[in-house]
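**Q** Make a model of the complete structure from these sequences and hints.
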Amino acid sequence: MANITSVPQATPRKPWSASPKDRIKSVSILVAAALVSFAVVAATPLKGKLAYFAVFFVAFLVIDFVVAYLKAGRPAAVDSFFRGLVTMAIVIAVTPIISILTTVWLRGHHGLHLSLFTSDMRSNSFTDPVNQGGLVHAIIGTFLLVVFAMVISVPIGILTAIYLTEIRGRFTRPIEFLVQAMSGVPSIVAGLFIYAAILVPLTKTVNGIQGSLALAILMIPTVARTSQEVLKLIPADLREAGLALGGTQWRSVAMVVVPAARSGLITAMILGVARVAGETAPILLLTGGSGAKNYNMFSGSMGSLPNYIWQSFAAGTPEAITRAWAGILVLLVIVISLFAAARTLGNRKVGAK
Amino acid sequence: MSSAQVTKSPALPEKRVITTRPRFSDRVFRAIVTSGGLSSLLILGLILAFLLYNGFDTFRTQGIHFLTSSNWQAVVSDAGKVDVVNSHFGIAAMLIGTLILSVIAVVVGVPISVGAAIFLTFYAPQSIKKIMVTAIDLMAAFPSVLFGLWGFFVLEGSAEYWAKLLNKYLGWIPLFKLDGPYVNRSPFIAGLVLAIMIIPIVTSISREIFSQTPLDRIQAAYALGGTRFAMLRAVAFPYARSGIVGGVMLGLGRAMGETVAVYTVLNIVYQVNWHILFSAGGNVASMILLKFGEASPYEIKALMAAGLVLFVLTLIVNSLANLIVSRTGKSGR
Numbered sequence: 001m002a003n004i005t006s007v008p009q010a011t012p013r014k015p016w017s018a019s020p021k022d023r024i025k026s027v028s029i030l031v032a033a034a035l036v037s038f039a040v041v042a043a044t045p046l047k048g049k050l051a052y053f054a055v056f057f058v059a060f061l062v063i064d065f066v067v068a069y070l071k072a073g074r075p076a077a078v079d080s081f082f083r084g085l086v087t088m089a090i091v092i093a094v095t096p097i098i099s100i101l102t103t104v105w106l107r108g109h110h111g112l113h114l115s116l117f118t119s120d121m122r123s124n125s126f127t128d129p130v131n132q133g134g135l136v137h138a139i140i141g142t143f144l145l146v147v148f149a150m151v152i153s154v155p156i157g158i159l160t161a162i163y164l165t166e167i168r169g170r171f172t173r174p175i176e177f178l179v180q181a182m183s184g185v186p187s188i189v190a191g192l193f194i195y196a197a198i199l200v201p202l203t204k205t206v207n208g209i210q211g212s213l214a215l216a217i218l219m220i221p222t223v224a225r226t227s228q229e230v231l232k233l234i235p236a237d238l239r240e241a242g243l244a245l246g247g248t249q250w251r252s253v254a255m256v257v258v259p260a261a262r263s264g265l266i267t268a269m270i271l272g273v274a275r276v277a278g279e280t281a282p283i284l285l286l287t288g289g290s291g292a293k294n295y296n297m298f299s300g301s302m303g304s305l306p307n308y309i310w311q312s313f314a315a316g317t318p319e320a321i322t323r324a325w326a327g328i329l330v331l332l333v334i335v336i337s338l339f340a341a342a343r344t345l346g347n348r349k350v351g352a353k
Numbered sequence: 354m355s356s357a358q359v360t361k362s363p364a365l366p367e368k369r370v371i372t373t374r375p376r377f378s379d380r381v382f383r384a385i386v387t388s389g390g391l392s393s394l395l396i397l398g399l400i401l402a403f404l405l406y407n408g409f410d411t412f413r414t415q416g417i418h419f420l421t422s423s424n425w426q427a428v429v430s431d432a433g434k435v436d437v438v439n440s441h442f443g444i445a446a447m448l449i450g451t452l453i454l455s456v457i458a459v460v461v462g463v464p465i466s467v468g469a470a471i472f473l474t475f476y477a478p479q480s481i482k483k484i485m486v487t488a489i490d491l492m493a494a495f496p497s498v499l500f501g502l503w504g505f506f507v508l509e510g511s512a513e514y515w516a517k518l519l520n521k522y523l524g525w526i527p528l529f530k531l532d533g534p535y536v537n538r539s540p541f542i543a544g545l546v547l548a549i550m551i552i553p554i555v556t557s558i559s560r561e562i563f564s565q566t567p568l569d570r571i572q573a574a575y576a577l578g579g580t581r582f583a584m585l586r587a588v589a590f591p592y593a594r595s596g597i598v599g600g601v602m603l604g605l606g607r608a609m610g611e612t613v614a615v616y617t618v619l620n621i622v623y624q625v626n627w628h629i630l631f632s633a634g635g636n637v638a639s640m641i642l643l644k645f646g647e648a649s650p651y652e653i654k655a656l657m658a659a660g661l662v663l664f665v666l667t668l669i670v671n672s673l674a675n676l677i678v679s680r681t682g683k684s685g686r
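First to last, the protein sequences are chains B and R.
Counting from 1, one number per residue, gives the positions in the first sequence under our numbering.
Counting from 354, one number per residue, gives the positions in the second sequence under our numbering.
Keep in mind that the hints are not guaranteed to be accurate.
What the hints assert, rightly or not - Within a straight-line C-alpha distance of at most 25 angstroms, the following computed DMTMM-like cross-link-like pairs (lysine to aspartate or glutamate) qualify:
1) B:Lys49 x R:Asp569
2) B:Lys71 x B:Asp22
3) R:Lys521 x R:Asp532
4) R:Lys483 x B:Glu176
5) R:Lys482 x B:Asp22
6) B:Lys14 x R:Glu513
Treat the hints as calculated values from the structure; they're not laboratory data.
**A** Rendered as structure tokens:
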């Protein structure tokens, strides 16, 4: 045993990874395609950013195809052609995201100033210079609308999820189906429903709680489906341990399963909030849009960020449009931070403290 | 032997009652949870009932013309009373508009989404995949008013150029015909905005389905010497096909119900317009929002009826889609 000679540790080879030669080749294909696109745009009447992009795309596919064909024949050529296609698809899919984010920042940050967060629009109109008036009333309104929507929808959503994962009675399939169907309800229909069910027969005027009810309808499916996914991840051992200790189902769900899934359930809530925070159509029908602060959900018109954006956009002057973009920037920051919070919580291990 | 000893044992404990009947607390718990679970049924039922109740008048007076005519006139007499005889409500123009917009959205959005899903599942390195998936999921959380403003202020500029190209080279197809110069705010651009809005949902569902492709079949295809494309064609596409159809229909449902983005981008004119480059059109949802502001109670009933039609349409499309998706997920092929 002792006389085994020590073999020098060879670095494991990865024959599938790209060699420097391959890298040079793919970069030169890109460069060649770019050159072709410049040449074509210069020589022909095709103009504009789109022309560069389209010609570059076609040239890249053709050159790549030919190179692969010469090296390894038709199957390899088709393969790299398809790879080019799907790469282009992801580029096109991501472009709007980048464009939207940069647009919102570039157009919105002019409208950002301190008084935005300290004053409301009670005594200003949307066409006033941007540094007058603010959207603190809209932030308060959106906050209240979302909190009330949460209070209504989170218990229902989580109960639905518990039914689907813990009880699994005979309604499981139908309810699963209905929750999915509910996630497709257009927001305007939710607004119309609350209008028909509450505003017309009962209140006869706009107020905040109606908006919250409509938002809750849109939020329930998101909360229910996300919570269901989370509860599914809780290992059956935990439930069985709870039952084996003599707990009733109620106690094992309430003391074991739900606490274990806590961070996931919070994620579900946050995702639900992110889903409805910017919802505009039902807000326009139901809550009105006063420019003053209103802390009462049950009476009076309630301003909100979507409404602020909408009214500024409708006012149409350059100042108002800048206001709209600033409003969107604030809304987007809220949505992105909610999203990031949901991600961070969701990435934690299920059951971890 | 041991069983004989047990039966002989003198101190036999009293017989326990063993039952599968849940305790009282559990029965209360189950009742609460079940009623919570059934609330989705209740809400959907209430939506249906209230819209039907409010829209019933319109359905009765307009009959089938509500769906087939394109005439929307709410006549109010001088005394401020509603002229029931001369008021006509028909949403055919907006139904066609809804169809056109969502078809454009699907035709443009689906190839991009499916391509992106294939890239993310089978081609992307892990690091890129993570970033891209986060970005696309984030896009799903963007509010629709943002898409609307972006479409109006940013996409409009580029889309004008694309529309002119389409008209120049494909103008002989009636769909792309344009009488007179190009004006902005056409169904074409609204359809593009909707296409971008459905990219996240179609991508994430396609990705989910592609990622369920059985690994052994993928490896078998590679082991037989197939290229990646050959593997996709022989294994992944047949496996995922019907699920992707379901994802596409979910996207279609999303596009059909979109209100604010369409309202912002499109010049809403109440007419049947098949020329997608011409600046007029609309869909049911945006029409409801447009007419709602100054509608009389009588007209609002007609809008409720329109809302009901939209609700039923999206419900059908979504249910079919979910049925297809869930079937793919379970049985495979």
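**Q** Each hint needs a verdict: does it hold in this structure or not?
**A** Comparing the hints with the structure gives:
1. B:Lys49 x R:Asp569: violated (44 angstroms)
2. B:Lys71 x B:Asp22: holds (12 angstroms)
3. R:Lys521 x R:Asp532: holds (12 angstroms)
4. R:Lys483 x B:Glu176: violated (29 angstroms)
5. R:Lys482 x B:Asp22: The given pair, whose Cα atoms are some 22 angstroms apart, holds under the 25 angstroms limit.
6. B:Lys14 x R:Glu513: Violated - the C-alpha atoms of glutamate 513 of chain R and lysine 14 of chain B are around 49 angstroms apart, more than 25 angstroms.
Checked against the numbered hints above, the structure violates hints 1, 4, 6; every other hint is satisfied.
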